[in-house]
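Residue numbers (the numbering used here), protein chains in the order written: chain A, 1 to 222; chain B, 223 to 382; chain C, 383 to 499.
Read the hints as simulated data drawn from the structure, not as lab findings.
Be a bit skeptical, because a hint or two may be false.
[Said to hold, decoys possible] Some chain C residues close to chain B (C-beta under 8 Å, calculated; not the full set):
no., residue
1, Met383
2, Asp406
3, Gly407
4, Tyr432
5, Asn437
6, Asp449
7, Ile450
8, Asn468
9, Lys489
10, Gln493
11, Leu499
[To be verified] Here are the simulated lysine-lysine pairs, DSS-like style, with alpha carbons at most 30 Å apart:
no., chain 1, residue 1, chain 2, residue 2
12, C, Lys457, A, Lys5
13, B, Lys355, C, Lys489
14, A, Lys80, A, Lys129
15, B, Lys360, C, Lys398
16, A, Lys165, A, Lys72
17, B, Lys360, B, Lys336
18, B, Lys365, B, Lys337
19, A, Lys80, C, Lys457
20, A, Lys80, B, Lys365
21, B, Lys253, B, Lys336
22, C, Lys457, B, Lys365
23, B, Lys336, B, Lys227
24, B, Lys360, C, Lys478
25, B, Lys242, B, Lys227
26, A, Lys80, B, Lys356
Just so it is clear, CB atoms sit at the ideal spot from N, CA and C, and this is done for glycine as well.
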Amino acid sequence: MLPGKFLGVVVDFESTRELLTKIKRGYLKASWRDGDSLKTGYVLVSDGAILGALVEDVLSGERIEGNTALQKISEIARSKRVRAVELYEADVTEILRENPSIRVENGVISEEIPGWDLDSLLLLLTTYKGELRVHNGGTSWRLYLDRGVVKAAQTIRGPSLKGNKALKNLLWEIGKVMKDGRFETGGFWEFTAEDEVNNGGVFKEGVELLREKRRVDNAKGF
Amino acid sequence: MTEAKVVERVNERSEEMATKINNLILYGIYKVLGAGARGLGNSIGEELLNTMIEEYGLNFEGSDDPQELLNRFTEVMINTLGFAEKGEIIVNGNSVTLKLDNPMDLYALQLLEKKGMKPMLYPMANAIAVAIKKFSGKNVLIKEIRVSDKHVEVDMLILG
Amino acid sequence: MFENVIADLLRVDGVKGVAIVSKDGLLIEGQASDRTIDVESVAAMVATIYGTALNVSNEVFHEEAVDIVTLESPKGKIITVEAGENAVLTVLTDPKVNLGLVRIYLKRNAQKVASML
């Protein structure tokens, strides 16, 4: 159990990313059933960045820490098994000093967004820094995003493409992705020079235009 | 010493009188137990639902639609048990309302209100709560019981 | 939905079971670390005990309000507090549990339950 001041409970949240912005410095706490036991997960946050993670078994006291704990929490978040999350304000630096093994590097809670949910995707694109995977039928892409700008791209399934070619291919297929595909955050991709993209802002602009087009089409429908 | 007088019933048993006496017994139990009566609600509801299923033909098989299942419940409650003149269970999102015209226990509830006690136990609503839990796994809270001249309305809330 | 509450209380030394129970006696959520405890059947009884305590308070003190109901037996304790208008939160403990600590955790978590119902 970690020290901290209880701020409140959030029930029926849309995404874990939305929760990370609710606390400046502190942690999220969520519990879930695991067979006959109960587990509690903690995610330490400072200014929107994840700095530490811990999962404790309530009955046996067993702990998993750091990136392994964050992966477990991501898995639970994706399965939507957690409906209520508690928010605590806490001295994150102090907690990490006392528990150095729970520290994580480039921490991300991996999450899935269906292709049709452009509002959630745009919210993600404005705030997110890290790897985004895009899946559609036989092709999957991997992008490195930095607050709305694609810094690097490559395909990880289907035709082998890197950098600008991979991004161009994604833009070509984006209509299909938004119909049947999905987006997934997470991973720790360290891209190389050949994966780099020149005009990475075009992806977000494309999504914004598609959202606008959909709005107009819907209005016409009425 | 006067001898005990044995009285044998000569007239047909009056349904109206039986209902009134049952209501007085119910009223007496509520009055003695007060808020403690409420705690019995779920257990009574469970037994009531079991009886409706085992003895009075209530059948939940073959439908996943909550409103359809509750319509079947109303059917048995009104037509088979004759619990009220008219009944309806309305599901609206997470809210469930049971509306009954002239139910059998109306008299007991009116007596309670007259004595300044808010009714807090309604077995038919508890049976509905148990039924919802049975087919959807969701918990149901009974929020309010409203009693008027000829009606009883019970508001329930389905927890996510 | 109440896993955090249950986990918080089960972590307190000596607490063997936790239940969130509607005042009608319906088990909303519960868990016991001791497999011999049947949380579901405890739920109905706890609601009745709490309701009866409310009734006693009403009769004796002319106020239908109870802060905490404690049942002490040689083998353990059952401690119950109100958790909002429609539910109670209860714990089953060892006989030598730190009552003060349990009360603090119960009150704190009862507020969380009340805010979620």
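Cross-check of the supplied hints:
Annotation: interface hint on Met383/C holds; nearest CB of chain B at approximately 6 Å, less than 8 Å. Checking Asp406/C against chain B by beta carbon gives a least distance of about 4 Å; that is within 8 Å, so the hint holds. This hint holds: Gly407/C has a C-beta 4 Å from the nearest C-beta of chain B, less than the 8 Å allowed. Residue-level restraint check for Tyr432/C holds (minimum Cβ-Cβ distance to chain B is 7 Å; threshold 8 Å).
Checking Asn437/C against chain B by beta carbon gives a least distance of about 3 Å; that is within 8 Å, so the hint holds. At about 15 Å, the closest approach between the beta carbon of Asp449/C and any beta carbon in chain B exceeds 8 Å, and the interface hint on this residue is violated. About 16 Å separates the beta-carbon of Ile450/C from the nearest beta-carbon of chain B, more than 8 Å, and the hint is not met. For Asn468/C, the interface hint holds, since its Cβ comes within 8 Å of a Cβ in chain B; the closest pair sits about 5 Å apart.
For Lys489/C, the suggested interface contact is broken, since its CB lies about 20 Å from the closest CB of chain B, more than 8 Å. Because the closest C-beta pair between Gln493/C and chain B is about 18 Å apart, greater than 8 Å, the hint is violated. For Leu499/C, the interface hint holds, since its Cβ comes within 8 Å of a Cβ in chain B; the closest pair sits about 7 Å apart. Taking the CA atoms of Lys457/C and Lys5/A, the gap is about 35 Å. The hint is violated against a cut of 30 Å.
For the proposed pair Lys355/B and Lys489/C, the alpha carbon gap of about 28 Å is at most 30 Å, so the pair holds. Between the alpha carbons of Lys80/A and Lys129/A the distance comes to roughly 23 Å, so the proposed pair stays at or under 30 Å and holds. About 25 Å separates the Cα atoms of Lys360/B and Lys398/C, which keeps this hinted pair within 30 Å; it holds. About 34 Å separates the Cα atoms of Lys165/A and Lys72/A, which puts this hinted pair outside 30 Å; it is violated.
Between Lys360/B and Lys336/B the CA atoms are separated by roughly 35 Å; this puts the pair beyond 30 Å, and the hint is violated. Note on Lys365/B and Lys337/B: the hinted pairing holds, with a Cα-Cα distance of about 21 Å set against a maximum of 30 Å. Taking the CA atoms of Lys80/A and Lys457/C, the gap is about 39 Å. The hint is violated against a cut of 30 Å. Of the pairs offered as hints, the one joining Lys80/A and Lys365/B holds, with about 28 Å between alpha carbons and a cut-off of 30 Å not exceeded.
Straight-line distance between C-alpha atoms of Lys253/B and Lys336/B comes to about 12 Å, which keeps the hinted pair within the 30 Å bound. Between Lys457/C and Lys365/B the CA atoms are separated by roughly 36 Å; this puts the pair beyond 30 Å, and the hint is violated. Proposed proximity of Lys336/B and Lys227/B is contradicted: the alpha carbons are some 36 Å apart, above 30 Å. As the CA atoms of Lys360/B and Lys478/C are separated by approximately 36 Å, the hinted pair breaks the 30 Å bound.
Taking the CA atoms of Lys242/B and Lys227/B, the gap is about 25 Å. The hint holds against a cut of 30 Å. For the hint linking Lys80/A to Lys356/B, the alpha-carbon distance of about 22 Å falls within 30 Å, and the restraint holds.
In summary, the structure is inconsistent with hints 6, 7, 9, 10, 12, 16, 17, 19, 22, 23, 24 from the numbered list given earlier, while agreeing with the others.
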